[in-house]
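Position chain B relative to chain A; hints supplied.
Order-wise, the sequence lines are chains A and B. If you're matching positions, the first sequence starts at 1 in the numbering used here and goes up one per residue. If you're matching positions, the second sequence starts at 1 in the numbering used here and goes up one per residue.
Just so you know, not all the hints are guaranteed correct.
Same chains, same label: a pair holds when it works inside one copy or across any pair of copies.
Restricting the straight-line Cα-Cα distance to at most 25 Å, the calculated cross-link-like pairs of lysine to aspartate or glutamate (DMTMM-like) are [unchecked claim]:
no. : residue 1 : residue 2
1   : K95       : D20
2   : K96       : D77
3   : K102      : E192
4   : K35       : E13
5   : K218      : E39
6   : K218      : D77
7   : K95       : D134
8   : K218      : D93
9   : K218      : D40
10  : K96       : D133
Simulated from the structure, these hints should not be mistaken for laboratory data.
2 protein chains.
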Amino acid sequence: MTESVGTAESTSEPTLSVYDAIRRRRDVRAEFTGKPIAEDVLRRILGAGHCAPSVGNTQPWDFIVVRDTGTLADFADHVAGARSRFAESLPEDQKKTFDPIKIEGIRESGMGVVVTYDRSRGGEHILGRHTIDDTGLFSAVLAIQNLWLAAAAENVGVGWVSFYDESYLAELLGIPDPVRPIAWLCVGNVTEFQQVPDLERFGWRGRRPLADAIHLEKF
Amino acid sequence: MTESVGTAESTSEPTLSVYDAIRRRRDVRAEFTGKPIAEDVLRRILGAGHCAPSVGNTQPWDFIVVRDTGTLADFADHVAGARSRFAESLPEDQKKTFDPIKIEGIRESGMGVVVTYDRSRGGEHILGRHTIDDTGLFSAVLAIQNLWLAAAAENVGVGWVSFYDESYLAELLGIPDPVRPIAWLCVGNVTEFQQVPDLERFGWRGRRPLADAIHLEKF
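The shape of chain A in the complex, shown without the other chains (with noise of 0.2 Å):
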């Protein structure tokens, strides 16, 4: 990479509380607001990401960090198709309440967070992933939520889309093979944070209780 991955600007690393960036972090769509984030705040949230725990310590992620306005017009147009299939796949009822709810701020946060697995780091032999493969994709995962929790801590939104073809995006972007692009998230600005999460407030899904998910012993 080169030296500079955001704007100049300095400012402290903040102090939210884990908790309280759990409740703050959404997956955000409508809120962002195309001011560029600092660089040493986009420094600061991929390397949360690169703290995460992997399989075998393989730490097989990677951060495309993506600014270029045609780029993010090409992907943002191949996403609007993607939609518009899973909106032509849905019985009437809930094609009605899926069409206003944004699914994507591609252009609007002016900056996409791509992260990719590689299952070959590491080498053959991965402790920890004999036994199950996924964990290595796993391990990406982990990255990102780690990712997605600084950057609510630094008031920067970050929204997953995943309304595109693997295949596409890795063209786009030229990943190379065995590299698998997993998300593409949005980051920028925000000017709020919502308190419900989009897919609450616009009646898609609610929220099941805590207790139902918790299972003493057996499942």
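Same frame as chain A, but now just chain B:
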């Protein structure tokens, strides 16, 4: 679930910053004390997991709290077998490095939290999963990282065990198809958090520089 998930005790929510939690968090094996964690602490940790983002707001995770000593012993025996098989598969030099590395604290922690993924939750049309099916699985992994960081803030250690066969664990805990166990987490009080990850301390694999993980515009 029944009313009680831990021992009765009342403590207030810790204020450790998200960045400090990210740095403190370790994959704990040898440092469990065996002292049970308080009920409200366990509930806050599981609540943190339950606050994770999920594709289509499906919240496809469940948490099975296992403290039965017979179940812990059975699982530990199974894991010991998987450890031996991995050791046998290694070339001689890697085998020597691996020998002293502890890969689980199943009995010593006194508690396992098994996280599962239910792909049937949310019905047929999952907003955001129609393009990338793995995003359902990813959601449950995001919950694990929330739980892990909250635990770090609580001074509670978490160690992810992956040396097992999924079908064995599903059978052991009565997990019905299509629900999939994706992690056994040893969760418990600890004497300390190691400063340096075990696999780095024991020379299995070191840390990759952050700069190597960041790419601009293209991979």
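A quick look at each hint next to the structure:
1. K95 x D20: neither (34 Å within a copy, 43 Å between copies)
2. K96 x D77: For K96 and D77, only the intra-copy Cα distance (22 Å) is at most 25 Å; the inter-copy one is 53 Å.
3. K102 x E192: within (16 Å within a copy, 45 Å between copies)
4. K35 x E13: Answer is within: at 19 Å inside a copy they meet the 25 Å cutoff, but 34 Å across does not.
5. K218 x E39: between (48 Å within a copy, 18 Å between copies)
6. K218 x D77: Intra 46 Å, inter 18 Å, cutoff 25 Å: inter-copy only.
7. K95 x D134: Between copies only: 23 Å across chains, 33 Å inside a chain, cut-off 25 Å.
8. K218 x D93: neither (37 Å within a copy, 40 Å between copies)
9. K218 x D40: between (46 Å within a copy, 21 Å between copies)
10. K96 x D133: Classified as between: cross-chain Cα gap 23 Å, same-chain 39 Å, threshold 25 Å.
In this structure, the hints that do not hold are numbers 1 and 8, in rising order.
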